[in-house]
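So the sequences go chain by chain: A and B.
Counting along the first sequence from 1, when you hit position 78 you're at 78 in the working numbering, and nothing is skipped either side.
Every number in the working numbering is 1000 more than the matching position in the second sequence, counting from 1.
Heads up, some of the hints might be wrong.
[As the list claims (entries may be wrong)] When the alpha-carbon atoms are kept at most 30 angstroms apart in a straight line, the in silico BS3-like pairs for lysine-lysine are as follows:
#1 LYS80/A with LYS1042/B
#2 LYS1056/B with LYS1109/B
#3 LYS1067/B with LYS1002/B
#4 LYS1042/B with LYS1056/B
#5 LYS79/A with LYS1042/B
#6 LYS1056/B with LYS1067/B
It is worth saying that the hints were derived from the structure and are not from the lab.
So the chains spell out like this:
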Amino acid sequence: SQTIHQWPATLVQPVGSPLSLECTVEGTSNPNLYWYRQAAGRGLQLLFYSVGIGQISSEVPQNLSASRPQDRQFILSSKKLLLSDSGFYLCAWSGSVEQYFGPGTRLTVT
Amino acid sequence: QKEVEQDPGPLSVPEGAIVSLNCTYSNSAFQYFMWYRQYSRKGPELLMYTYSSGNKEDGRFTAQVDKSSKYISLFIRDSQPSDSATYLCAMNNAGNMLTFGGGTRLMVKP
């Protein structure tokens, strides 16, 4: 069966610091991968998606970036965090049409 | 106007009640319709998904799609306190990109 992992689970970072969030998927090959952000009490905002190694599409212009160095690894990064980057970050992979989410990383920028 | 509208709630019901959660949408190209359950501070969990119009039942949960009205529903029978969560609808048009509703918070009181 497929499993999706995210770490860290919780992160508190000061403004201006760098960020690296990691997502890995087990039990499937060449999945489509997604990064979402969920602000408190709000819906899901798609940030990036990837259909293969090195292939990244950005949905929202911002100070975040994503990379996919391996087939089942997806990384979300920032060089300098802003207060507005606080939120719940979710990684997902897609089956035929549905998507399956990881446990999420709660990021607080102080 | 958002593509997918969902009443944010909260919806409060007594244990054992039948719950009806709904979404409306504007894009007639949507073909696949999904419901996710999200507990506080956790990633969304796929409950069920349906293709086109009609009903689909899984245990206490029934998903209903009315494409002519652009309206989908999730019914929960014999609701339990453990059903207390935020329910997100999502839909797509056969690609892998999902459009989400903002979620409805459900509280089932013992």
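| task | Identify every previously stated hint that the structure contradicts and give their numbers, smallest first. | result | none
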